[in-house]
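Protein chains in written order, with the working numbering: chain A, 2 to 234; chain B, 365 to 770; chain C, 1183 to 1621.
Please note that the accuracy of each hint is not assured.
Just some of the chain A residues that point at chain C, by a computed CB distance under 7 Å [to be verified]:
| no. | residue |
| --- | --- |
| 1 | Leu55 |
| 2 | Glu56 |
| 3 | Ser71 |
| 4 | Lys72 |
| 5 | Leu73 |
| 6 | Asp75 |
| 7 | Lys76 |
| 8 | Ser79 |
| 9 | Arg82 |
| 10 | Asn83 |
| 11 | Asn94 |
| 12 | Tyr111 |
Source of the hints: derived by calculation from the structure; they are not laboratory data. Backbone N, C-alpha and C fix where the C-beta goes; we use that ideal spot for every residue, glycine too.
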Amino acid sequence: MLIMKDVSKIYRTDTVETHALRGFSLIVDEGEFVSVTGPSGSGKTTFLNIAGLLEELTGGTYELDGRDVSKLSDKERSRVRNEKIGFIFQSFNLIPELDVYDNVDVPLRYRGFDAAERKRRIMSCLERVGLASRTAHFPAQLSGGQQQRVAIARALAGEPRFLLADEPTGNLDTHMADSVLDLLAEINEGGTTIIMVTHELTLADRARRNLFVRDGEIHDGPPELHFAAAASA
Amino acid sequence: MDTGPIWRAMLRNKAGFVLIALQIAVTLTIMVNAFGIIQERAGKIDRDSGLDEANTFALASVLYADYEREQRMALIDEDLDLIRRLPGVVNAVASNSFPLRQGGWSMGLQLEPGNLGPESVSTAIYFVDEHGAETFDVEVVDGRNFTAGEITWSDPEDNTWPAYGLITGALADELWPDDPGPYVGRTVFINVTDPVNVVGVIDKLQAPWESWSGVEKSMLVPQRRPSEFVRYIVRTEAGMRDELMPEVESLLADSNEDRIIRDVTTMDETRKLAYVGDAALIKILSFVVLLLTVITALGIVGLASFNVSRRTRQIGIRRALGASRPAIVRYFMVENSIVSAIGLAIGAALAIGLNIVMVEAFSLEPLAWYVIPAGMIALWLVGQAAVAGPARRASRIPPALATRQT
Amino acid sequence: MFRYYAKLGLLSIRANPALSALMVAAIAIGIGACMTIVTVRHVMADNPIEHKNERLFHVQLDNWNPNDPYDEPNEPPEQVTYLDATALLEAGRAQRQVISFKSSRVIQPDGDEARPFQEVLRATSADFFAMFDVPFRYGSGWDAAADRGEERVAVLSSAMNDRLYGGEDSTGRLLMMNNEPFRILGVLDDWHPVPTFYDLNNNPFQGPEQIYAPFSTAVAGEWGSTGNNSCWKPPEEGGYEGYLASECVWIQMWVELPDESGKAAYAQFLDDYVTEQKQLGRFPRELNNRLSTPGEWMIDREVVDETVGVLLALSVLFLLVCLLNTIGLLLAKVIRRSNDISLRRALGANRAELFRQYIVEAGMIGVAGGLAGIGMTWLGLRGIENVFAGYDFIEHLVTMDWQMVGLAVVLAIVSALGAALYPTWRACRVSPATTLRIQ
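If we strip away everything but chain A, and leave its shape as in the complex, we get:
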């Protein structure tokens, strides 16, 4: 379970103070598939950064899996990220010098598993995304869809409770995008909570619950409603 209560995030520079999130409250239940949409600059990415413990919050509380994570040290946050959260990025973010096997291995190394356990997990995750035969390939030798599958395998390797996806199909063509989404849906059915940020409403449709972010505030409900509200306002 993920509970955000009254979360705010303010970016300060010398001259400007930007309220990226304000009074942001949200509960995501175990096993949900949530999409987050909103116009550019609305605070989607900030929300994902906070949810993924990549950034600290300015105000409010954040509870993940029954534990208050809003005031953890950097080391503890790293640990939580490593154990409970998997990331999927728009541009895949694979490490170009590492082959497929070693890319999936990265989070497992920081987890401290022994070699046999890492190998077991890596192979099972790669099988799951259908790339078990490509362990020795480098990212540049794979298609975009395949790269994103490797990234998903990497996200799954640590058996996280939460999967955070940031425009996971943004760099893919429609065909590949569909297959990646199918894979995410399948993972969700296995019990992993997924929060997916996107600006494409068609993608958001694939989620079971839709959230809409505007001006740093959250709105629950089908996105069409909010767009309509925005248009009439």
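Mind docking chains B and C on chain A? Use the hints.
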């Protein structure tokens, strides 16, 4: 070109520029101080010994049979007679040492008789006969040379010092700092009580020790020493040295079997050996400065290349917005000038600081005034040259890059 | 985890070959420059008799001019007079005492075709070999009786024995020096103290003498000193006898004492001796006797030329420039790889783990730079040897020992790690959140 925006952009990536500025600063510090030392040593090497070095050589005769004093005296006379009669020999003399040889005899002189005190003046001693002045190529600028009658043989039973001396102008100036010449006819005391009458002043004859601070002070003494070990100094006519040197060596070796001839050496070789340390230091420091400049230039190239690749898109946008190629090149040149200016300013301060420390700790000369500005200009030029390559590469980035999504 | 970091380091080095090569080169050149000078200095400042340093003492007595010290501010002469050397040797108040000076003879090798040659030798009292732990290959040195009897005996270095007798056991043979036969008592094993601590006058890097003969025999034969001779007043009598009776100093004196109390007792003995001599009208200056260990004596005599100090200072600055260069390059690398860093942070690496990763990588660069630096040092030393060609002792000063090799590697690693600190710190500060923004 307006430097404001460049300066503000540099502030956004301080660390890289600070490192280059520091590198330039330390490079300047080393460069000018090394150059100061090079200059000092080169000046030292350039000093004139007073001899006709190109046409002078020396050799030593070591007797190992038990000769009486009279026999030794006769042998020296014979030897000198043989050498002096050779065609092409200008003159020759038997002496205890010669300039640049690094070993010799020194004595303290004073204006009043008595034990040596803090006020006594040290001088190198060369024992010669009346041929010494011509062999050593010294000019008697005041007074006269020794006469044959003034030359004595040293006597083991009598320590009395010869009563005549030819001294260098530098020695005279130090003996009588407040009472300038003419010095001829004055008397100084040596060996506590023995008076020496200055019969002449010679223009220049260095002491045997090149590193001695009093290297210009020497005195010719009209005495010959009949010891087992005798050094002959031979001055030849121009271009005859290399021919005569082996000739004299075999002449002496063959004339007497109870001795060995050794230390046959030209003045050129002697000079080289005397200054090998200084020459080596000059080479080492020149190499260090060169290497350092290359390393710093590589650092500048590295940072500039890195900045070019990091700003590729930004440069594309500038080009799309109308910046010309020279404007892009100028941007990097100005940026480098700013870094250089800061580094060189810090470096100038550091260089002066290090120089003060070195002058105190290692008794070096302070830097000449122009060394630091010259070093600054040189390093600025190096920086501009180093940045030119990456800057030209930057200017070739196509404007179309601005519209491409990466 | 170390192996993982090492693997990542290797990958990263391979991914940026030019940058990595530049860093290794910068460290190697800096280390090479620094270690070249450090090595020369190390050899010059080496104390070849370190193991007996606490028991050996160089003796100085101040018999100098009442108006003017031997050297400012109030230094006693470096050597002693014949009067004092022989009196102190005769007194025999130390465990061992050595008086010696440098001289030269003409050596006449056996056989008609061999030409005579002049050779520097050391005239010394018998204890020299035992006191300075000089090793023998054949035979031995002479004893006090030979000293007293002014015997014509000699000891050869192994090199001289090779030259004169083809390396065979020459003990018992007669060596002709200046037409006088000397019986060879012993041949030394390899012995190359650099510097020649027992006589720091003239050039202490030329290596030891090749022939040794009794001090008493040399004096009886009126051999002159070819080392330094200094007088503050002329001998009162002429000739060699007058010189022996004079206040001229030309003899190096060393004593071996068991411990601190032995040193105190000997110092007292010297003071008593000088006080006694004062009654005879000698020693016009205040009591100013010195006992220095070889280490102290080398520092006192400034065996290490100050030019080496200048070069050392410059070479340290040189290393600094190379390190600034390395810092800049590492920083460029870190900035270029902030993507990778941010991603690893997002995937759960904490700051400490990233710090270790980058330090391991820097350490690898350091090891490579250190190994290359040893090569550079070797080149540097060859360069020094080259520019000093003509100094026959230079080859003694440009040799690297394992200590210097180790120091080069350690210095390289420490330098690389030091250079890596700031860039690594920057790497650790890269926010994990940036990984989402890069699109």
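So, going through the hints one by one against the coordinates:
Nearest Cβ of chain C to the Cβ of leucine 55 of chain A: about 4 Å, under the 7 Å cut. The hint holds. Hint status for glutamate 56 of chain A: holds, given a least beta-carbon distance of 5 Å to chain C, under 7 Å. Look at serine 71 of chain A: its Cβ only gets to about 16 Å from chain C, farther than 7 Å, so that hint breaks. With a least beta-carbon distance of about 16 Å to chain C, the hint placing lysine 72 of chain A at the interface is violated under the 7 Å criterion.
Interface restraint check: leucine 73 of chain A against chain C, minimum CB-CB distance 11 Å, threshold 7 Å, status violated. Given hint, aspartate 75 of chain A at the interface with chain C, holds; its Cβ is 6 Å from that chain's nearest Cβ, closer than 7 Å. Nearest Cβ of chain C to the Cβ of lysine 76 of chain A: about 5 Å, under the 7 Å cut. The hint holds. For serine 79 of chain A, the shortest C-beta to C-beta distance to chain C is roughly 4 Å, which falls under 7 Å, so the interface hint holds.
Interface restraint check for arginine 82 of chain A: the shortest CB-CB distance to chain C comes to about 5 Å, inside 7 Å, so the restraint holds. Below 7 Å, beta-carbon pairs count as interface contacts, and asparagine 83 of chain A has one with chain C at about 2 Å; its hint therefore holds. The beta carbon of asparagine 94 of chain A is positioned within 7 Å of a beta carbon in chain C (closest approach about 5 Å), and the interface hint is therefore held. Annotation: interface hint on tyrosine 111 of chain A holds; nearest CB of chain C at approximately 5 Å, less than 7 Å.
Violated hints, listed in ascending order, are 3, 4 and 5; each of the other numbered hints is respected by the structure.
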